[in-house]
Amino acid sequence: MRLKINGEVVDGISASTVQELLDELKITAGRVAVEVNLSIVRKVDFGRFRLNEGDAVEIVNFVGGG
Amino acid sequence: MRLKINGEVVDGISASTVQELLDELKITAGRVAVEVNLSIVRKVDFGRFRLNEGDAVEIVNFVGGG
Amino acid sequence: MRLKINGEVVDGISASTVQELLDELKITAGRVAVEVNLSIVRKVDFGRFRLNEGDAVEIVNFVGGG
Amino acid sequence: MRLKINGEVVDGISASTVQELLDELKITAGRVAVEVNLSIVRKVDFGRFRLNEGDAVEIVNFVGGG
Amino acid sequence: MDDTLIIRGIEFRSRLWVGTGKYRDFEETRKAIEASGADVVTVSVRRVNIIDRKSENLLDYIDPKKYKILPNTAGCYTVEDALRYSRLAREAGISDLVKLEVIGDEKTLFPDTIGLLKATEILAKEGFIVLPYTTDDPIMAKRLEDAGAAAVMPLGAPIGSGLGIRNPYNIRIIIETAVKIPVVVDAGVGTASDAAIAMELGCDAVLINTGIAGAKDPIAMAAAMKHAVIAGRLAYKAGRISKKLYATASSPLEGML
Amino acid sequence: MDDTLIIRGIEFRSRLWVGTGKYRDFEETRKAIEASGADVVTVSVRRVNIIDRKSENLLDYIDPKKYKILPNTAGCYTVEDALRYSRLAREAGISDLVKLEVIGDEKTLFPDTIGLLKATEILAKEGFIVLPYTTDDPIMAKRLEDAGAAAVMPLGAPIGSGLGIRNPYNIRIIIETAVKIPVVVDAGVGTASDAAIAMELGCDAVLINTGIAGAKDPIAMAAAMKHAVIAGRLAYKAGRISKKLYATASSPLEGML
Amino acid sequence: MDDTLIIRGIEFRSRLWVGTGKYRDFEETRKAIEASGADVVTVSVRRVNIIDRKSENLLDYIDPKKYKILPNTAGCYTVEDALRYSRLAREAGISDLVKLEVIGDEKTLFPDTIGLLKATEILAKEGFIVLPYTTDDPIMAKRLEDAGAAAVMPLGAPIGSGLGIRNPYNIRIIIETAVKIPVVVDAGVGTASDAAIAMELGCDAVLINTGIAGAKDPIAMAAAMKHAVIAGRLAYKAGRISKKLYATASSPLEGML
Amino acid sequence: MDDTLIIRGIEFRSRLWVGTGKYRDFEETRKAIEASGADVVTVSVRRVNIIDRKSENLLDYIDPKKYKILPNTAGCYTVEDALRYSRLAREAGISDLVKLEVIGDEKTLFPDTIGLLKATEILAKEGFIVLPYTTDDPIMAKRLEDAGAAAVMPLGAPIGSGLGIRNPYNIRIIIETAVKIPVVVDAGVGTASDAAIAMELGCDAVLINTGIAGAKDPIAMAAAMKHAVIAGRLAYKAGRISKKLYATASSPLEGML
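As you go down the protein sequences, you meet chains H, G, U, P, W, D, R and V in turn.
With the first letter of the first sequence counted as 1, position 60 gets the number 59 in numbering that gives the first Met the number 0; the numbers rise by one all the way through.
With the first letter of the second sequence counted as 1, position 44 gets the number 43 in numbering that gives the first Met the number 0; the numbers rise by one all the way through.
With the first letter of the third sequence counted as 1, position 45 gets the number 44 in numbering that gives the first Met the number 0; the numbers rise by one all the way through.
With the first letter of the fourth sequence counted as 1, position 16 gets the number 15 in numbering that gives the first Met the number 0; the numbers rise by one all the way through.
With the first letter of the fifth sequence counted as 1, position 6 gets the number 5 in numbering that gives the first Met the number 0; the numbers rise by one all the way through.
With the first letter of the sixth sequence counted as 1, position 231 gets the number 230 in numbering that gives the first Met the number 0; the numbers rise by one all the way through.
With the first letter of the seventh sequence counted as 1, position 28 gets the number 27 in numbering that gives the first Met the number 0; the numbers rise by one all the way through.
With the first letter of the eighth sequence counted as 1, position 76 gets the number 75 in numbering that gives the first Met the number 0; the numbers rise by one all the way through.
I should point out that these hints are in silico values taken from the structure, not numbers from a laboratory.
Cβ coordinates follow ideal geometry from the N, Cα and C atoms, glycine included.
Among these hints, one or two may not hold up.
In silico negatives: residues of chain W with every beta carbon more than 10 Å from chain D [unchecked claim]:
(1) G8
(2) R12
(3) E33
(4) K65
(5) Y66
(6) E90
(7) I93
(8) I113
(9) R232
Heads up, simulated DSSO-like pairs for lysine-lysine below, C-alpha to C-alpha not over 30 Å straight-line [as the list claims (entries may be wrong)]:
(10) D:K179 x R:K215
(11) D:K242 x R:K243
(12) D:K215 x V:K242
(13) V:K124 x W:K106
(14) V:K65 x V:K30
(15) V:K124 x R:K236
(16) W:K106 x R:K243
(17) W:K179 x R:K106
(18) P:K3 x P:K25
(19) H:K3 x H:K25
(20) R:K242 x D:K243
(21) W:K67 x G:K25
(22) R:K236 x V:K30
(23) D:K242 x R:K236
(24) R:K215 x V:K236
(25) W:K117 x R:K242
(26) V:K236 x D:K242
(27) D:K215 x V:K243
(28) V:K65 x U:K42
(29) W:K243 x R:K106
(30) R:K243 x V:K64
(31) D:K67 x D:K117
(32) W:K242 x D:K106
(33) V:K236 x V:K65
(34) W:K106 x G:K42
(35) D:K67 x P:K42
(36) D:K215 x W:K242
(37) W:K243 x D:K215
Excised from the complex, chain H in its bound form:
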């Protein structure tokens, strides 16, 4: 499946849920927030939130800032 992740088009994604996507990308779910097509996906829903071809996914976390 093709997704747009953090602005980059990524092909061959096998994950079908947000949680699987995070696993596939080796990202610890605990410290990130996820947005799919501009709406936030709650952490509790990561497992059941299904991704579709072409979804725009944003995965963010905290970095140093003032």
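Given chain H, work out where chains G, U, P, W, D, R and V should sit, using these hints.
Leaving out everything else, chains G, U, P, W, D, R and V in the frame of chain H:
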């Protein structure tokens, strides 16, 4: 006629136009602005603008200010 | 004997040395400095420094200051 | 005659007085002060003050300063 | 150098603008304005006293042909009031100039910038030449410019406080980078050096009322402010020396004995 | 008001005094002095160039009949040198005035006040009108007065630094309580507002050299300083408003709609 | 005295809050925060690097159980972006705290107060504990309080400028009369005395990032800021002596020889 | 880093020195000193009260074994008096330390630097460790060093005035270029930030009396000063960021949505 002029109720006004009112009050038209019932009366219209019983008239001019 | 002590004339002093004077005035020698007729008397000399009639004695110590 | 003028040794001076020296050097007397061997020569004395071999002469005037 | 200030085609002879409030009487007002050399005088719009008609009029002392009358909306705490006073002022007066004030609270008399921005937009559309009294916030200054302000009038310090230019950094930023329209410092100037500092920062003009009217000798202070504004403007144009911690001799070493 | 500064019977038309160092040429010097309106100009005493006689003389450009020539002893680090230069200056000039400098070190060009005091005492006895360049120390100012100084010239900041009046508190103390003789701030003035501030403190005059000569446009800065000194003096006399943290309206509340 | 700062029921051990930007590495960040004694650390919300997964995470070095994580919306120039980042931050984090920034332009990084006010209102309604980064305008501070801000964070000077508290007068007015919510000075603090001054004005806390991270020795500066904030707070509580132009002896005259 | 101040081989644990004048009683004095963390306390030499012998002694509250007692010559207006008090102090005390004061006048309590220099020279020859209280004149500081002073104690502002460091420029010059001996700012510190500023300038220590004793809560202010001096010293060592008129973001732009 009774008018409300600058917030004060004034009885026995004989003037029937803004111009006549200014004359009656001995106010030089040149340097004032007049508002009747919250809408401005143009200087050019002072002569033909008729006043009615109970009109709220505001007559203002310039004073010292910063 | 009459001495001038710290600017005050004091009569009937029986002490004959600085040390005796301090004892008579109940002043602990340890924390004061003594001047007789404008010259300093060393602590070690308190015992043998003889006082004469009319000597001007200054006895000072430390007070709060900035 | 040899003089030391403003720190420079100058030979062949024919002037025998301060005034003649100033004339020889084409310096207007009016605006300068002259010192011979560390003592000031009054303007009124320029004409009669004789110079001797080896005299140290200082001729100063005003320059821009703050 | 020709150094005339021009706002919307109007030429200003002087870079010192003065208020007319707080003077002992009209005669003192007249003398102070004359001593100040100002050609802009601010006024307020208030009700005519219909009971006691004897009282003279300010404009008997300030000839509108000689001076530019700049009405303010002092005392207005809402957009509506500010609009109302502005429109009455234009009708009473002879120009479209208005020094727009929308006040936020009585303790500071600081502007309510949100209301100010709204009122500026509306009045500019109505053809007013709007000079808003604002804070020293560069972002807000830019917003006001975009809304159609003809100039911005950032405060140096609270009205009547005499604290001078409290934040020269912000004023400099407004002038250097925030806006292209003229910048006129309004409020806070307490003495001559304050006015000079404002002009040295690059302001186009300074408006002073209490600083002059409240002085022990208002006429003398008016003259002081006149010279201070000229001095500050000239200094700004002349390009000052840079600051150094250590000294540099002004007299030459060469030619010493 | 008549507000002439008088020192030892000498009347000064202007309260701005200017130096003549660091200008591009004599013509610029002349123009700057003229623009400044000063009637006192400082000069230094240096050796005549006996090799190259073509070089013009400063006094060809500054008419000693029109201006008061105030020789300084800049560059002197000892009492002896200061005395020697002062005496030569008097001989070369036409008056007993001397701006006495005994410098302490070359980095700060601060005065060596101990040497200064000695030299002041000696020269005052010799009939000089001694104007010592000193620190802003009130005690030393008093000592110099007692030693016969005709005025004191405390520094605002290091010579040529353009830092302005670094310690207005000390200058105020000198003026208010330390001395009865005139106080002329010397050194440090970098721009117009600095000069205005000095005068607002109550100084009798200000001496400026680098602040004018070092500006991009010295002529314009000279005019700026002229106005600044007038402004500061007028403001001092006029009596400024007091400072307040909060605002006071300058427009009336009475008569609002 | 117990002097704990409490905002919406949250207790803050330290009145020094620190940012985590601009450090050489996470280890230096960790050490600086530790030296600062802060229990609030600000962070930004940014995209995870999905290409290079090795890169460590800031939270590996700052234990969210030990520190209060305060996400900011730095870099947001619109209300929409500020809302989006705030919501993502809440989702990524564990609290409702947000340091709300709606930036007006890139040169000054001053807040766009109009957008800030809108965003504050919306987020407050959504249950966020909103700490808006604003100007030192007292009127705007009040507006933000009315819109539901839990505290206001007026700037002392532009972010990263190190200019300190440019306008202590406005900060004082905000604290004394404008708002009842806590006031945390944000931006501008360049060295220890700046932080002390902020606290002496009566601020409830100070937020510092560049002032620490940009110092030659960030760890030492973090410790300096820690002591400075404690010092300023204690001095504010202790009640300083009033200022006088003249002296008062600290040693007694009585008992002199 | 080891950062111990050493003067003539004497080690100082703290860079805050405190006076003991003006406290309500000895108990408050003791508590304030303890809270300040100082190990140097200044005292004055005065006549013992021979009439009323009950009165306790200051040294019952300040253990000379625990604290370095630094006697001053406050109240002395002549070299002779300063010498007399210094010698008595040495005899009464246990060390050669003396904070030398030769006062110029009672309004300012500024030093009479000429007398001060004389007394310094004499006492240094007699083996005293002389710490002269002087002005912020760099030249005089150098003279005192040459005369044998172990450190110089320039005033920040008049004693008890609470005006802070009125002229940081001079203090910086004294530290950077005038002297090699330690510089301890004495007098003028009114609140914590003043002390921090003194240390940030590079002073080696600060002496405070009225600023602490005159505060509403002297004990709290003593603690404030303790932290302020540590803060200022650390900041000086850490190397502060440079000042800029415009902003620099502390949060990254990279990784934005």
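(request) Decide if the proposed pair is consistent with the structure: K236 (chain V) and K65 (chain V), CA atoms, cutoff 30 Å inclusive. (result) holds, 28 Å
(request) Decide, holds or violated, for the assertion that all CB atoms of chain D are farther than 10 Å from the CB of I93 (chain W). (result) I93 (chain W) is indeed farther than 10 Å from all Cβ atoms of chain D, at 20 Å.
(request) May I ask you to check that I113 (chain W) keeps its beta-carbon over 10 Å from the closest beta-carbon of chain D? (result) holds, 19 Å
(message) Please check whether the beta-carbon of G8 (chain W) is more than 10 Å away from every beta-carbon in chain D.
(response) holds, 27 Å
(request) For the pair we were handed, K236 (chain V) and K242 (chain D), check the Cα-Cα distance against 30 Å. (result) Answer violated: K236 (chain V) to K242 (chain D) is near 38 Å, above 30 Å.
(request) Would you mind confirming whether the straight-line C-alpha gap from K124 (chain V) to K236 (chain R) stays at or under 30 Å? (result) violated, 46 Å
(message) Holds or violated: K117 (chain W) and K242 (chain R), Cα atoms, limit 30 Å.
(response) Violated. K117 (chain W) to K242 (chain R) sits at ~44 Å, over the 30 Å cutoff.
(request) Measuring Cβ to Cβ, find out whether R232 (chain W) lies farther than 10 Å from everything in chain D. (result) Given a closest Cβ separation of 8 Å, the condition is violated.
(message) Just to be careful, I want the Cα atoms of K215 (chain R) and K236 (chain V) compared with a cutoff of 30 Å; is the pair within it?
(response) Holds, at about 9 Å.
(request) Mind checking the alpha carbons of K215 (chain D) and K242 (chain W) for me, to see if they're no more than 30 Å apart? (result) The given pair, whose Cα atoms are some 14 Å apart, holds under the 30 Å limit.
(message) According to the definition I'm using, a residue is off the interface if its beta carbon is farther than 10 Å from all beta carbons of the partner; does Y66 (chain W) meet that for chain D?
(response) holds, 17 Å
(request) Sort out whether K215 (chain R) lies within 30 Å of K179 (chain D), counting only the CA atoms. (result) violated, 51 Å
In terms of the numbered hints stated before, the structure departs from hints 9, 10, 13, 15, 25, 26, 30, 34, listed from lowest to highest.
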